Each structure stands twice: as structure tokens, then as C-alpha cells.
Amino acid sequence: MSSLTVNKKTRRIIPGFHLSLGYTMLYVSLLVLLPLSMIFIHTMSLSWAEFVNIVTAPRAVASYKVSFSTALAAGLLNVIFGTIIAWVLVRYRFPFKRIIDGLVDLPFALPTAVAGIALTSLYAPNGWIGQFFNFKIAFTPLGIIIALTFIGLPFVVRTVQPVLQNISAEVEEASASLGATRLQTFRKVIFPELAPAILTGFSLAFARALGEYGSVVFIAGNMPMKTEITPLIIMTKLEQYDYAGATAIAVVMLVTSFILLFSINLIQWLANRRFVH
Amino acid sequence: MEQSTFIQQVAPEKNNAATKSVALQEPRFVRYTLTFIALAFLAFFIVLPLVSIFFTAFQKGVDVYVAAITHPDALAAIKLTLTVVAIAVPLNAIFGIMAAWALTKFNFKGKNLLLTIVDLPFAVSPVIAGLVFILLFGSQGLFGDWLFEHDIKIVFALPGIVLATVFVTLPFVARELIPLMQTQGTSEEEASISLGANGFKTFWYVTLPNIKWGLLYGLILCNARAIGEFGAVSVVSGHIRGMTNTMPLHIEILYNEYQFAAAFAVASLMSVIAIITLIVKDIVAWKSKSA
Chain G
270 MSSLTVNKKT RRIIPGFHLS LGYTMLYVSL LVLLPLSMIF IHTMSLSWAE
320 FVNIVTAPRA VASYKVSFST ALAAGLLNVI FGTIIAWVLV RYRFPFKRII
370 DGLVDLPFAL PTAVAGIALT SLYAPNGWIG QFFNFKIAFT PLGIIIALTF
420 IGLPFVVRTV QPVLQNISAE VEEASASLGA TRLQTFRKVI FPELAPAILT
470 GFSLAFARAL GEYGSVVFIA GNMPMKTEIT PLIIMTKLEQ YDYAGATAIA
520 VVMLVTSFIL LFSINLIQWL ANRRFVH
Chain E
455 MEQSTFIQQV APEKNNAATK SVALQEPRFV RYTLTFIALA FLAFFIVLPL
505 VSIFFTAFQK GVDVYVAAIT HPDALAAIKL TLTVVAIAVP LNAIFGIMAA
555 WALTKFNFKG KNLLLTIVDL PFAVSPVIAG LVFILLFGSQ GLFGDWLFEH
605 DIKIVFALPG IVLATVFVTL PFVARELIPL MQTQGTSEEE ASISLGANGF
655 KTFWYVTLPN IKWGLLYGLI LCNARAIGEF GAVSVVSGHI RGMTNTMPLH
705 IEILYNEYQF AAAFAVASLM SVIAIITLIV KDIVAWKSKS A
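Those sequence lines, one after another, are chains G and E.
Per the numbering used here, the first sequence starts with residue 270, numbered consecutively.
Per the numbering used here, the second sequence starts with residue 455, numbered consecutively.
Just so you know, these hints were derived from the structure itself, not from any lab.
Every value quoted in this text rests on a predicted model; they were computed, and no experiment measured them.
For glycine and all other residues, C-beta sits at the position ideal for the given N, C-alpha and C.
Check the hints yourself; a few may be wrong.
[Said to hold, decoys possible] Covered stretches of chain E, going by a simulated chain G footprint (3 or more residues, C-beta under 8 Å):
#: 1; segment: 544–553
#: 2; segment: 566–575
#: 3; segment: 613–623
#: 4; segment: 658–671
#: 5; segment: 705–719
Isolated chain E (complex conformation) (with noise of 0.2 Å):
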């Protein structure tokens, strides 16, 4: 009887025999309800807001999308930000797999506090992430009178633009990988050594293959924040049209300017590489899970 209902209650655990007591079971009103209230609202937040996205960019047919893609500012933007991708993500690949590799294969004092300080980008709102390097490297900043004597352009620049995004991308493979290792102990690591490997050989045969799967789900996580990250860029960026805006940046421009379809159209864009990320996201927790 119960086989034939549309919306089945799933066993807690292992316990995943078709018989199931009543007694672990909400009645059915209150499991449709509850269902029916969980997609409702996935469907106004979530589902909703994505296909107007695609809806809005395609509104005035193909050729003002292409037009608004093609834009030489469009394709300035989309480089900037691939560029900044490019430096930011790599960064804190290495830095995520340093830390993860301090942090968990020793013991020394201080590192709670040094996690927390790993932790911190995460608890700072992106404008002050992008307010501290204004302050750092801007005309009235501490390095200001140096960098202006040197001529180097930190600030409303590229270098600005890709600090910014390292600050507020800095934790998510760090985070992704300490939990991993912490649970994947010393033994293996200790083996390899005493084998007579060096340190590189047992990093690379010996700890990478078994923290491949997280080390990429930090790396998309990271990608996906780096090439979307909005506050903190636009305090550092200046927004110079072709030279500093990035693909968020231009959106906010041609938004701004009512240009609804062109803004809607590079809003598609990163829509698909959102999804793409959500894709090899769940393929990653799979893979992970079953190796």
C-alpha cells in the first residue's frame, strides 16, 4: 500500500526495509505538506530566479544576446575575471594544501588560533576584504607615497583586483582539506617515510591520492566564489570600463544603465558556469563517498 504513495518516507539510517513501523512515520497529510511546503520554497528562491535569469537574456531574441556577449567591454570582462581566476585559485590551492599539511600532520601550540585565523576572510564582509587593500596600497594608504614614487598601480588595477579575490577565497580548500587529513591520521604518511621516501615523493604518491577528491571540491568551491566575488572586487577595481570591471562588475553596469537584456545575457553566462559548478560538485561528493 504504501509503495503506491508519490512521496515515500526514506528509513533514518540503515534500517531500509520496506516494512517500516507506523510508529516511525508521519502521517501521510504531514509528509505531503511538508514536502509540498520544502518545494514551494525551493521553487520561489531558487528555481525561479534561474529561469528568469535565462528568460530576461533570451527576452529580446538571439541576436541582442550574442550582440551583449560579444561586446568588446563583455569580453574585456570576461578575461579579467579568467585572468583573475587564474592567479587567485592556483594561490590558494597551495596554500590550502600547506596549511592542511601544518595543521594536521603536527602538533604545535597556537594551532587553534591559527585556524582561526585560516577561518577569518569568512567572517569579514567582501567590502572591508576589499576596504583593507584601499588602505594598504591606495593614494592615502601606507604603502601609497611608495608605490606612487615607483609608479607600480596596486589598486584600481589587476594586482588589486586578484588580492581582493585571494582574501575573500583564501579558506575553501584549506577548509575543504583539514577535516579530510585530520581524519586520514599520520600512519600512511609515516609509512612512505620510513620506506625511505622523500617528503615530495610521499606527498605525491601517498597523501594527494587520497585527498584528490576534497582538494577538488575545494577548487571548485574556490572557483566558483572567485569568479562570482562581487563587494570586495568592486572597492578595488575603479570600474574603468574594458580594464578593470570584472563579469560581475559589468552586469552591475549595463544593469544599471536599463540595459536589461545585455545585462541578463553575461548574467546567463555565469548562471551556466554556476551550474556546471553545482554539476562536478555532486559528481565529486560521489565519487568521494564511494572511493
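Chain G extracted, bound-state conformation (with noise of 0.2 Å):
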């Protein structure tokens, strides 16, 4: 009777399957559950109404406002000149290129602090850069772009330069000798190819910098109502001991980054189920 649950048993050679799916579930547990629910339970000691009021005052629905704006700005120039990165390295040869390939990955491995000081110095009206515009870049909208943009670049790069590299060239040899030009190739048999990469780049270059913190708060100004993004709402909340407060706002975000995460999965399970058929 119960020989085919042994037999089921007996077929895992691989010895360790309690021990590590214990240690994992264990370490997840009460490294990433635990810590999270705290958001949620804590949130349920606000009535719906006290819920409603925070995360619906005036100065939270400005943060959402810039937050949301700028992270999809900074998403979009990523989305263009990504891409356009991506494609220069996989098909041009030019000087420097390994260099110049690895540099894409500095906003990984430069902390989020530093790059704050040194976009915000080169971006203020006195700055390197700054200085040649006769607006200001640095603590306005703008200069959150740029910070969002820096953070979210190799997101698009990286996900976008290895679909190209495995583009096959007989595709594209087989379109060109149907007769299509060069930018008819590129937009019906090789950007269609891209998109899936370029889509799920854009989502997490975008899901980062909704929740990025560390190189805006330089650059930002911090304004309420102008130039004030939600992560740093929390942030004041928590400094004032407003924990109830700064949990509500938290909740807000959390949904928020599941939906996000929630569509880049079914974006990427949907363009492999393209290719399987």
C-alpha cells in the first residue's frame, strides 16, 4: 500500500533535501516574512479611516506623484539610450570596448550615497555640468531623473545585451534577402525579438527606482510637495516616531512593488511561452 510513496522516497539519491529546504524556509522565515508581515500587522492597529487619511494626505499623494513621474522618465531615457548602448556593444567594434562594457555595471557597485554627492555636485547650478544651463537641474524634478537614471541604466543593459547576442545572423540574413532594408529588418525581425528584454529591463530599472532612496535624497532638495519622493515620506515619518504613519505609506509602496514584480514574472513567462508555442 504505501510502497509507492517509499519508492518515491528511495529514487532522491541526493542526500540533504531536509536539512537545506530547512535551513531555507528557516532563514526566509525570519529574515524576509517575518520582517515584512511586521508592515502588515502593524498597519492593522490603524482603523480604515486613520489608513485612508495618511495615505491619502495632500504631501503623500505629491510623493506618489514625483516618485511615480520621475522613476518612469528615468525609465523611459533608459528604455532609449539603453538600448542603444546594448546594441553599440554587441555590434561595434571600437576602442576601449571591454572597459567601456564593464563601466555599465558601476551603478551596481557603486554605493547609492556616493553617486548622490557626485551627481548632485556635477548637476548644481555651479557644477561641471550644471553650469551650462540656465535652469537648474540639481533639486528640482530633474535632478531626480538624473539619479533614477544612473541607478536603473545597466538594469536595461544587461537584459537587453544578451537577446542580442543570440539573435541569430541567418534571421536577419534571411530578411535581408526577401528584400527589406536595414531599418525594415531592425523593426519587423529584430525588435521584436528585443522587446520582451527591453520590457522586463524598463519594469525593474523602474521597480528599483520607485524605492530608491540613497542617491535622491542628495540630489532632490527634499521640497514637500515639489521634489519630496515617498521613501523619503517614510523617512520623516520615522525620524517624528510616527511609526503607524510611516507603516501606512510603507503598505502603499509594498502593494505597489508586488504588482510590479507580480507583471515582470508574467511578462517574462509569457515571451517564453512565445518562443516554446
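Make one complex out of these two single chains by using the hints.
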């Protein structure tokens, strides 16, 4: 009767299933699930009306708008320039290419605070770049976009690059031999293959930008209603020991991030399915 | 004729012959324009910030630079950052190996859910990563009273900073190892076990040599993020000078006090670490490709 289950168990030759799975479950439970659940548990102490009151306060709503619009703008900038950079790195040969390729990852390796102060001093009105503009860049939403573009660049380049590398020459040759111009080949053959990767890269950069704090606080100027990002609202509330308020805003951010994460996985799943048939 | 141009086209994939049909190339004008745009963008967003860090750090002379990085507060910050990294990175490395082993060598229900949970810290804002530990261990937190009675400090002390760092860098090693071990399958381990090796020996002599470059790659990324984490650590540190200030927090304080040369001096140290990270990463990526 129970021979079937026993059989199944003995077929698992490799040891360490219970140890490794148990350790993994314990680790993520203590360090990820328990801490994150605190956000939702703590919000329960608020009534629905109080919660709505906090998360729809004018200053909070203004911060959502700032965070969302700057992350979107940075994401779109990264889609355009990140795709061009990936294209140039894969398809063309030029001096110092390997070093330049490596530098694309700098935003991953450089501490966000360091990036923040460097970009601020460059784009400040008297900075190396800022002095050439007769309008302010640092301490305006433009400055936030610049910091978020810096942070998000590798996400787009590094998701598009491998896909571009794997497009086989035969497909492009077939397209060209059938009379397509180079632009037609790009639009009808190459771009459709790249599109899921571009979208994934955009979502990753966008998700990261929504939560980004370190690089933005220096360049943003942090003016309430104008250049205050949502993570900063949480920070400010924490400094005033307003834990309930900070947690309520955190719920809004967490739910947004989870929806984004879910969409990214959905995009990838749909894209994979398209090729498998 | 084509060889003489400065920017040449690389043939996609294997077709690397110099004789490349014109139909598969963009006009030279397009190639030059795209390359110019890409390089100009990288110059403004990557190279110039990097150069400006070192320029500003040495602007007031080597003496100011040396004084800034040998200041007792700076040394304390460097020591704290190293301590945090020395605890957080090995913890996440062991976790990464365990998680990758469980998720790639066995089949079980809820595997995808567990994968998503491992990824969760990437989707959470660093500020929230700090906030959750305040809610757990802060004075108003779940364990706040108990910790106070037993005189244990977690938040605004080393344990809190370590916890926040572990949370933020948790997926790095696992994320590198899981796809790698997935493609390698289980046949080599099965052969080793059936020849009489025990689990640990199998891991040490069969699995580890196969994953060493991936593991190193994950460790480097984990390490870079652990050193530089700002938002999460900022929430739980309490900003006590010489006590709970990590290097990024020390930079923030100096910057806010308009000690720009000093702030950039410490920042330049961290930039050197970042550049070394990139170089090692490149070597590891190249090694793992040729291995």
C-alpha cells in the first residue's frame, strides 16, 4: 500500500533535502517573511479611516506623483539609451570596448550615497555640468530623474545585451535576402525579439527607481509637495516616531512593488511561452 | 576598405568573417551616430561622476585627504562597515548555497513560491527594509519590551545594521547559483553518491568545483551592496558618530556639514572598492565563460 511513497523517497538519491530546504525555509521566514509581515500587522492597529487619511494626505499623494513620474521618465530614458548602448556594445567594435562594457555595471557597484553626492555636485548650478544650463537641474525633479537614470541604466543594458547576442545572423540574412532594408529588418525582425527584454529591463529599472533612496536624497532638494519622494516621507515619519504613519505609507509602496514584480514575472512567462509554442 | 574605419561592425554570432554583406550592416553614418550617442551618454552618466569624485577628494590637497580618511570617526566607520560585511556576506553565502541546493536538486510543491520569496528583498525599498526591523525590535516594536527588560540592543546598534544588510543582500548569492545549478542538473552528484561518497564529500568535490565561479560572482555582488547599503542602514543605525555610522552614513554627515573634500575623500575610498569589484567581476565572468 505504502510502497509507492517509499519508492518515491528512495529514488531521491541526493542527500540533504530536509537540511537544505529546512534551512532555507527557516532563513527566509525569520529574515524576510516575519519582518515584512510586521508592516501589515502594524497597519492593523490603524482603523480603515485613519489608514486612508494617512495615505491620501496631500503631501503623501504629491510624493507618489513625484516618485512615479520621475521613475517613469528615468525608465523611458534608460529604454532609449540603454538599448542603444546594448546595441553598440554587441554589434560594433571600437577602442576600449571591454572597459566601457565593464563600466556599465558601475551603478550596481557604487554605493548609492556616493553616486548621490557625485551627481549632485556635477549638476548643481555651479557644478561641472550644471553651470552650462540656465535652469536648475539639481534640487528639481530633473535632478531626481538623473539620479534614477544612473541607478537604472545597467538593468536595461544587461537584459537587452544577451538577447541581442543570441539573435542569429541567419534570421537577418533571410530578411535581407527577401529584400528588406536594414531599417525594415530592425523593425520587423530584430525589434520584436528585443521587445520582451526591453520591457523586462524597463520594469526592473522602474521598480528599483520607485524604492530608491540613497542617490535621490542628495540631489532632490527634498521640498515637500515638489521634490519629496515617497521613501523620504517614510523616513521623515520615522524620525518623528510616527511608526503607524510610516507603516501605512510603506504598505502602499509594498503593494505597488509586489504588483510590479508580478507583472515582470508575467511578461517573462508570456515571452518564454511565445518561443516555446 | 571596411578595416580602415574606426568603428567596425561585429558580425552577429558565429558569422565573424570579415566579408560581411552590406545588407546586414547599418550605413556608416548610423553606426557612428549610435556609437557617439552611447559613448556620450556613458561619459556624462558614468565616467564624469567617477572622475569628479576623485577630483573633489584631492581638490584641497593630499593632506586634507589623508586627514579625512584617518579621522577617528572615519576609521570607526570603516571598521564598522567591514564588521557588518564580514558577518552579513558569509551568512548570505551559506544561505545561497543551501537555497540553491534545495531548489535545484529536488522537486517539491511550492518551489516557485519559495523562489519568489527569495527574490522579495529586491522588490522592497531599502527604507522599508530598515523599517521592518524597527517594527520588530524597536522600543515600540513586537519584541521591544522583552529586549528592554533583558537589556539587549538590536536597533540603533550593530545587530540591527547587520540584520538590515542581510535583508537587502539576501538574494545575491542564491540568484547567481540557482540558474547555474539548474543547467548543471543532478547526474554528477548522483554518480558521486552511488560510488559511495557522502553528501558533504559530494558537495565539496563535485558540486563546489562546478559552481565556484558563479559563487564568487554572487559573493562579489553581495559584498559590493553590503558595503554600500545606505537607506536600510540609515533607518536602523541611529547615526551615533564613531559608534553606529557606516561609511556611507559617514559620507552623508560630512556632506551635510559642507565638508565636501572630506566627504569625497571617504567616497573615493568606496569608489576604489567599486572599481575593484568591477574588475574582479569582469575576470570572474571571463573565467566562468572559458571554464
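Going through the hints against the structure:
Beta-carbon proximity to chain G at under 8 Å applies to 3 residues in the segment 544–553 of chain E; the threshold of 3 is reached and the given coverage holds. A count of 7 residues in the segment 566–575 of chain E with a Cβ less than 8 Å from any Cβ of chain G is obtained; the coverage claim is therefore met, three being the minimum. A count of 3 residues in the segment 613–623 of chain E with a Cβ less than 8 Å from any Cβ of chain G is obtained; the coverage claim is therefore met, three being the minimum. Remark: the segment 658–671 of chain E is not confirmed as covered by chain G, as 0 of its residues place a Cβ nearer than 8 Å to a Cβ of that chain, below the required three.
With 6 residues bearing a CB less than 8 Å from a CB of chain G, the segment 705–719 of chain E meets the requirement of three and the coverage assertion stands.
In this structure, only the earlier hint numbered 4 is contradicted, and the remaining ones agree with it.
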